[in-house]
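Join the two chains into one complex using the hints; note that each chain is given alone, in its own frame.
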Amino acid sequence: MRRFLRPGHDPVRERLKRDLFQFNKTVEHGFPHQPSALGYSPFLRLMAIGTRSGAIKLYGAPGVEFMGLHEENNTVMQIHFIPDQCQLVTLLDDNSLHLWSLKQHGGASELREEHRFTLKGPPGSPPSATQVTAVLPHSSREVLYLGTESGNIFVVELPSFRVLEDRTITPEAVLQWIPEDNCNRRSCELVEALREHPKNPDQILIGYSRALIVLWDLQNNKAIQHFLGSQQLENLYWQRDGSKFISCHYDGSYTQWPVASDNRQSEPLENTVPYGPFPCKAISKIYWQTTKNGLPYIIFQGGMPRASYGDRHSISVIHGSQQTAFDFTSRVIDFFIIFSSDPAAEFDDPSALVVLAEEELVVIDLKSAGWPAVHPPYLASLHCSAITCSHHVSNIPLKLWERIISAGSKQNIHYSSMPWPIDGGTNIAPDPPQRDLLLTGHEDGTVRFWDASGVCLHLLYKLSTVRVFLTDADPNDNMNTLGEDEWPPLRKVGTFDPYSDDPRLGIQKIYLCKYSGYLAVAGTAGQVLVMELNDEDAEHVVDHAEADLLQDQEGYRWKGHEKLKTRDGPVRFEAGFQPFVLVQCQPPAVVTSLALHSEWKLVAFGTSHGFGLFDHQQKRLVFVKCTLHPSDQLALEGPLSRVKSLKKSLRQSFRRIRRSRVSSRKRRGGGGNASEVQEANAKFDQDALQEMELAPVQRKIEARSAEDSFTGFVRTLYFADTFLRDSSRHCPSLWAGTNGGTVYAFCLRVPPAERRMDEPVRAEQAKEIQLMHRAPVVGILVLDGRSTPLPEPLEVAHDLSKSPDMQGSHQLLVVSEEQFKVFTLPKVSSKLKLKLTALEGCRVRKVTVANFGSCKTDDYSENDLAVLTNLGDIQIISLPFLKLQIRYPCIRKEDVSGIASCVFTKYGQGFYLISPSEFERFSLSTKWLVEPRCIVDMPEVMSNNHVHSKSGTENAARKSSAGDCGEDERKSGRLMEHALLNDEKVLKEIQSTLEGGR
Amino acid sequence: EFRRFSLERSKPGKFEEFYGLLQHVHKIPNVDVLVGYTDIHGDLLPINNDDNYHKAVSTANPLLRIFIQRKEDADYSAFGTDTVTRKKNVLSNVLRPDNHKKKPHIVISMPQDFRPVSSIIDVDILPETHRRVRLYKYGTDKPLGFYIRDGSSVRVTPHGLEKVPGIFISRLVPGGLAQSTGLLAVNDEVLEVNGIEVSGKSLDQVTDMMIANSRNLIVTVRPANQRNNVVRNSRTSGSSGQSTESSLPGGAPNLVGSLQGDEESDEEDIVIEDSGEPQHIPKAAASQSVESLSQMELHESARNGFLPSGEMDLTRSAGGVSVECEVPEPASKSLEEDGTIITL
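If you read the protein sequences in the order shown, they are chains A and B.
Going by full-length UniProt numbering, the first residue of the first sequence is number 1, and it counts up by one from there.
Going by full-length UniProt numbering, the first residue of the second sequence is number 1, and it counts up by one from there.
No lab work stands behind these hints, which were simulated from the structure alone.
Treat the hints loosely; a few may be bogus.
[What the hints assert, rightly or not] Computed list of lysine-lysine pairs in PhoX-like fashion (alpha-carbon distance at most 20 angstroms, straight line):
1. K883(A) x K17(A)
2. K906(A) x K846(A)
3. K285(A) x K244(A)
4. K700(A) x K201(B)
5. K927(A) x K17(A)
6. K835(A) x K846(A)
7. K883(A) x K831(A)
8. K222(A) x K199(A)
9. K201(B) x K893(A)
10. K244(A) x K199(A)
11. K835(A) x K883(A)
12. K700(A) x K137(B)
13. K462(A) x K410(A)
14. K201(B) x K163(B)
15. K835(A) x K137(B)
16. K25(A) x K893(A)
17. K835(A) x K201(B)
18. K700(A) x K142(B)
[Unchecked claim] Over the 10 angstroms line for every Cβ pair with chain B, so calculated as not near, a few chain A residues:
19. V12
20. F496
21. L533
22. T788
23. Q811
Source: prediction; values computed, not measured.
By construction, the Cβ of each residue, glycine as well, lies at the ideal position given by its N, Cα and C atoms.
Bound conformation, chain B alone (with noise of 0.2 angstroms):
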């Protein structure tokens, strides 16, 4: 099936409002599907993130080729770099999926579950001893899962050899985000936290500044096996080497740039609107006669607002009201559940 449309290309919006757009257009409205499109070079690339879709707009030129697969009969090999030669192939495959039997066996990962968990940065800008890691939390999966303690360090100063206080890695926690990476171990110093030197702040302090950045975590550390720091431009640690690319799409090198890049968008604060639906009217409150007037006065206010399914709650909501909340409601759903939420 083929469809049609437009998007304003100034502003294509989110992943989401555009995959329930497909679905919108194609009323397919519970159906999960992968999204990809076809590059400049033809090949197929998924669409399932903001970053991946923004990029997709902008090289539309001015068509772009979408295309969407049902999720449970994806052919994943299907995307990729070397599609070029395989153009026609990648449309015969992606029609007629059965018709392709070479489906791998374990499927590592699917295409969107591509996402930078760590990463190195700032390599030509640090000296040679130290690395400055980056990384990256999502939800709650997987812990950061690494211990800090205090500690004693040497240095060169102008006196001559001199102890100076400092914070080391003390543990990893085995299958923890820190030990997964590589790229982090035991002893190693920590340096930086975010761009701000922890020399002088206390272990408290280190531990505070490091969950109140949990979520973009940047340390530099002066790692304890300095063997692997000599050779630079090979790319020997692994996915963590890919990712360092894939990451910062810039390249942007400057630390204090990508932090404050990045610091917007991980720090999004959830704001609940709630219009009036019954079940939050407290228990207490409900016993009492709920005069309908100031209730249809909050109502009003609240359809003044953005919300788009306000109204169908409103409906709701209005029935509830005219019984007088009388109807023991079904019993409270989680705060995820309620309301609509907009992320800001």
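So here's chain A without its partners, still in its complex pose (with noise of 0.2 angstroms):
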């Protein structure tokens, strides 16, 4: 009858599970996957980027984010914002528009879609009449014109997107005005882009891809002057004053055209092909920027030369004598400058170049000497290097904060110190509750730490572990140091650089203690570093040794890759994190786990092999515990050349998505085609299914054998002072649990402080236990008398935590895959269990205790265990009673990078990756949330139609309406702030943790 028995229905825990948990998908870190489009507004000081998933999101300062995302997931393919407004239009690559909104709601500013269209021609008329290629929103605010491939233009009232039929400019009679002898129907068709006139609202510069360019009055209808290029027209750009504009086109030439109203068909001013006389490619956007020195900025996109040079993503800035080509290591989707929006400056006075580039944001500082590149706050590329693992810290002591970003500010002394200069909207969040350290390991070798306190993920510094080893690549062997006369003058920008020198650098497990600052690192060819914080450079040899985790054992032979060769002698390590022992497992297989007790100095490695501990201190391996089944062959040989193989095909992946992305890119070959291509790519995909149909998908239902492979894989290691061999004393011990489902306990005898040095630290084995389900254990956990999970090293000596109850029965819980189980210590006897994966079929995929607050009162928290399952829900499961708590569905159970990337924080908080340049942050509790909070000021409705010349006294009646001081007090503010980068931040913390303190 006890399955009729609902259990746990009792009101005052439904109540109290009400007030600590509670799911949220909070916020997105890292960098849009696959951008596609870039919009600003200087007005708003907002960036928008859209993806080719459809999603969209704003920018500004630091803090200041917004989503949406379209219901049809269609690529963006351009950004406008409408000028002077809190909205943007967005189109899509199914032709459609969209326009978004910025509207308070609740004390935030909130981005809602407010109203969709797609362009519809007459019946009967091809798509390509419709199909969108060019948006200009008009200053007026109340139309947009719309490109389209027929050459027609069409207008369209906002915001509720009615199409002014009668206002339509149609090729025939934008042909009335233009002599016949060097124009026909053919030259106006596809309109490239539409430019309005900076002075005068009433004329805009229409640009046909045939290099026709006409400038037309709105009010009279009629062309005012025409341009006739040579080659095909890229993109346009007006000059400040409205007297000039300038084409660039196809062939990687640009040209200045003058514009006199007096003349109605003019010749060029100037026609340069900057990067000829070979050859050379489109360029595909182009900025001329006037400055008080009358030397203008020149910034185009592409106009490399084809033949050695056309596979490069480069933008040129060529101001007088100065030109450098930035260089990206990705394909540059496309940028803007940030220039004086004050429509009264008689100059625009570039002051940045923003690059949104397929994937990094780069932004360089046009007005410092050498333009050098500004660190963003956010939107970090957090796969520069491919993320190979992902560690949390939280509530990190304010000393050590302050030690990893002054390490880190000495790293980022090459960046500008220019602040932020996209810094619409104003961030209104709290401040963050602590500081929470991220730290993610790559598969260069380096350590990357992030400033997971708040909205921002913000690096704060880069721990390299290449220098301990000699590898292949030379460090002194840089790509971007270019001799003076090199033409063209390129100059590397940017973080991103997927290809590892050598896949064995690469980290696969972490772990700080944030008391004591050591750091230990683990990674893909069995090395183990042992690091300690420095504030100084050094310059010391690193302790070496080797830990035979196979013991001898005969018949075995390591097929796998090689251990890395280490640099002999001393080797400098600049300060920060500096290694200073390295354990070397033999055979070099992954390190599977690891575990560092800075009280103990000890720290435990496992791979598939075994596992073993290293006393740090005395700088000698305590033991070593070969885990392997003897019939485990696989484990023994290693995984033969798959680390190659597997780097070779994200090598041929890399380059097939490139293809894609090239072929993709020629969406103008013609509708037809793309739409054939789709349809095959249907009945293909109906073909796979059919296929698959036939053939289904059959699972075989066998228990678990001793027999498997991987059964001596080391998943988890665990230290704790608990009573393993008797009750009456506790003692150090080291737990370690296997592939196979079983535990193994080791007794430890860590000699007293004073006598550290003098006597060695031993062990002893203690127990074995053998889950009979045999199911890979995931964690180990002690709790203490009173239930408690035993605190982490040295909480207790920093006041921290309650010292852990030794006077009670300590517990031990085990988490496999399938099953929870609590045994007894120090004998070992079952009490309590929960079997996930025979109730729900699903199996445990990470399982951390975390600690939720309760939001209704501020002294009740209870520990709980928060777990991700392979189904990619995440179940809070009560301590020490094995009750589920509360259920949600969070990744998708086909997303297996996702959950495999979940990692926790200590306080109900987590973060999976969801691309691999974006962490998705989550939060289960109700007391800890960090999500992006921020207001952007709707300016005045202004009745004047003439909005150019009140758009500067707006702009600073919406910041002096927001309270904030004016825009030159604060520019010179931050540049104070500036001078003093690291102690400003340093204050601020200091401050946030006094008020915080609560």
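Written as structure tokens, this is what we have:
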């Protein structure tokens, strides 16, 4: 009858659960995956990025972020802010237009889709007739001009998206005004660019693909002037005063044209191929920016010599005699220039170049000599090198935080000191409650330290383990040091570099002790490094020890990769975490688990062969234990050349992606073609589906046996001071759990502090538990007499935790992929269990103890297990009674990498990768929630038509209404702040801790 | 030879212990024997597992007569239900087995090997179209041996017939447990696994559930062939019919009850309490000098434990310690051999 008893419907507990748990996906950190469009509003000082999956993200001052998602999940092709409005229009690749607006709601601004619209042609017209190629939001804020493939320019009223048919500018109407001898109907096909006259809103410049450019009078519906280029047109740009404009072309040339109303057809002032004389690639976008000193900034994308530099993704900046071609490691999506937005100003006076590349955002300071890059406070490219693991540390002590920041600041000296130029909106989110660090390990052997306290995931410090090893790549072989007279003057910018020289350098496990500053890092080739934080540069020898995990067992041959070669002699390390000990596992298999006990000065590590314990104080190996099953051949021999082939396939897939991107860019090749391809794809999918139905997926039902492969794989290591042998004396212990469901417990004898260096640390195997269901052990935890998990090492010493109850009986919690089991200690007998897989059919992928505080009362908090399953569900399970509290679907179950990358924090938040470059942050707690909360002020609606003269004052009004100081004051303040970059941050930290001490 | 000794009726312990006790009492530590007892009807019945051992102890009135035969010259036919009339015979058979020449030619099975491998359960509470099958897994000698796949079945719903996704048995491994029971067949639809409905669960989820429950797997199926289901009370399904009776002594038809009851027994994790035998000290650690003081401490703590054989190990290991483990120990044995295994 037990099945009819529904457990746990205690109303008090139910109410408490509501106060404790709540699931929210709060913010996406990192760089949007596959960005496809960029927009900028000089008025709002907000930047918008659209992606191929239909997401649109707005960024302003650090902390000011908005996100929207188009229902269609189609690629965002273009983004245009409506001038002087909190609105923007997006164009998707299905030719639909969407109007988004920022509206205030509940004290914070929200991004919402207001309207959608698809341009419809007359019945029977081809789809190209209404295929939108150019969008011009008019400064009157009332209409949009939509250039199409057919050459028609439609006028659409805002915000209703009503087509004003009588105002359509047809090619026929345009051709009336152009002498027939040099133009025909075909000259007016495909509108490439639409640009409003900077001074006269009644005039627009229309650029057709076949190099016909027309200055059109909107009032009188006539062409004022036309210009005939010789090369296919790519883009247009007005000069600030409206006396000239510049066009760029397919052959890598740009042309300046004078505008004079008396002359109906003009000859170009100047026609240049900047990287000629050999054939060059197209210049797809160009800016011409005037300055006080008279020398303009000419900034354009592309134009490289086709044969030798055709594969470069470049943006060139020319200013007088200075010329630099910024060379990006990934394709440039779009770029814009931040310049003086005050219409009264005489010159553009550009301050920054903002480039959205496929994999990163690069901002170049144009005001400082040498045009240095600006360190972005957000949109960090998490995947500069592929992320291989992550580790989260909550509540970092201020001292350690400052030291990490100061180590990081020494690495960032080549960055510009310019304040972040995109600073729209106001961040009104409360200060983050504590300092959190997210550490990511990367394929190239680096560990990056991110400030994960708030909405902006910000890089604090980068640690490289490469220096310890000898690698093929010579660190001095720097690609971007080109000689003075090098032509073109390429300069590599950005940090994205997906290719690792040696996959063995990859970081697999990280463990940071926040109290002592000890850091242990383990990698793909069995290397375990123990590091210490040092505020100064230092040169020293890294001690080297080997741990033979096979213990001379015969007949085993490791066929996997070799261990990394180490550098002999002293190595110079920059300030920060400096390795002092390297433990090399033999065979050099991937390190699969790692634990560090900073109080006992011990580090434990495990691979697929066994595990070992190293005393990093005495620099002595304490013991190793082989966990191999004699029949486990696969583990013995290693994964053959799997690493290499994986890398190869990775590269191939990169190339494939690149190729597919190139082909998908050719959208203008003709609509019919694309749809054909789509049709073929659909057909292929269908065929594949049918094939699948013919051969259904089968699953074998077989109990796990001891002979399964990789049973010796060490999944988890845990240090605990508990009652292992008898109930009267507790001692340090090390616990290890394997893939085959075995738990080993070792009794440790750590000499007292005063004799720590004199006596050896000793270990004895005390227990071995074999779980009969043989599922991999993913977590081990000891609960004290009050059923509270044992504190972290040094936590009690720093008065941050109550000392554990050593009077009552301790309990051991073993979490396998299938079950949670509580055993008594020291006599191991089963006390409680929760069979997750047997009941739900799901397996545990990640498990952590998290502390949940009540949102109602400050004095109540409890420890629970936060569990992620292979189905992407997150479950909260109570301690110590193992009752399922609540379950939330979080990650799609198909998203294997997302599930694998998930990391929980100590306070019920978590991160997982939603793409190689983005972490989604989620929260399970009602109390700890980090999400963007910001305000973008609406400008007052001006009755005056001529907005341009007003927008400056409006801008100022907006600033003052927001209670901000004036622009100038703010700027100088920023500069001063930046003079004391680090100290300022530190001050802020202190301030926030003082205030946030509640 | 006759021996008489006493047992505590309320705490009979395990069969293994009892067997050891018998061997000890008779001073035949290394002889394999068959153990039998006479029940109230005078039948000679085997004692070879915990269950029938407990049963035997409970029938003692107050004396329990136990017969022990050497395994090699045991007479299996002596056991059986019909021994009332042959009571005398039995005794003589047992005492002078040489007289009895009617050994069966083929021993299909020894009595202690009788164990349920499968059963149909809950026939009284399930609809006739469904069948609830329980598979028992002993060790790894025989695979469960079946595969499942996704499929669709037709259901009657208020809106008429509807096609719904379902999980089906796709293949039986020849010689596997599932096939040899004859209770499961290809294209049977799986409805429940250990009392949990599979509808709405993915193939992988169901696979994981079955594997997690593989030591005591109860699947409810809708057989593709419904003809065998019509006649309920005939025990035509051969051996499995019998095992239904024998495997559920309480006749507990309640699935959950039986599930919970067996759950504990089929899940015995093993703990090896290691008392620090030298071969367990890893090589790397052994090269350092082992301080005997700490060693002794560790030993003492082991002594405080409950290991009956700990003493023996200790003396051995103490010897090993005194030579500082320099003496190479014989190649490390497989895990099962070390230390004492205590089942929880």
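Hints, verified against the model:
1. K883(A) x K17(A): Holds - the C-alpha atoms of K17(A) and K883(A) are around 12 angstroms apart, at most 20 angstroms.
2. K906(A) x K846(A): holds, 13 angstroms
3. K285(A) x K244(A): Distance of about 16 angstroms is within 20 angstroms: holds.
4. K700(A) x K201(B): Cα-Cα ~16 angstroms, so holds.
5. K927(A) x K17(A): Distance ~12 angstroms between K927(A) and K17(A) Cα, so the pair holds.
6. K835(A) x K846(A): holds, 16 angstroms
7. K883(A) x K831(A): With Cα atoms ~14 angstroms apart, K883(A) and K831(A) stay inside 20 angstroms; holds.
8. K222(A) x K199(A): Holds, at roughly 18 angstroms.
9. K201(B) x K893(A): holds, 12 angstroms
10. K244(A) x K199(A): With Cα atoms ~12 angstroms apart, K244(A) and K199(A) stay inside 20 angstroms; holds.
11. K835(A) x K883(A): holds, 11 angstroms
12. K700(A) x K137(B): holds, 15 angstroms
13. K462(A) x K410(A): Judged against 20 angstroms, a Cα distance of about 11 angstroms means the pair holds.
14. K201(B) x K163(B): Distance ~16 angstroms between K201(B) and K163(B) Cα, so the pair holds.
15. K835(A) x K137(B): holds, 18 angstroms
16. K25(A) x K893(A): OK: K25(A) and K893(A) at ~17 angstroms, within 20 angstroms.
17. K835(A) x K201(B): At roughly 17 angstroms apart (the allowed maximum being 20 angstroms), K201(B) and K835(A) satisfy the hint.
18. K700(A) x K142(B): This hinted pair holds, its Cα atoms lying about 14 angstroms apart.
19. V12: holds, 27 angstroms
20. F496: holds, 36 angstroms
21. L533: With a cut-off of 10 angstroms, L533(A) remains clear of chain B, as the shortest Cβ separation is near 29 angstroms.
22. T788: holds, 24 angstroms
23. Q811: holds, 14 angstroms
Hint violations for this structure: none, all hints satisfied.
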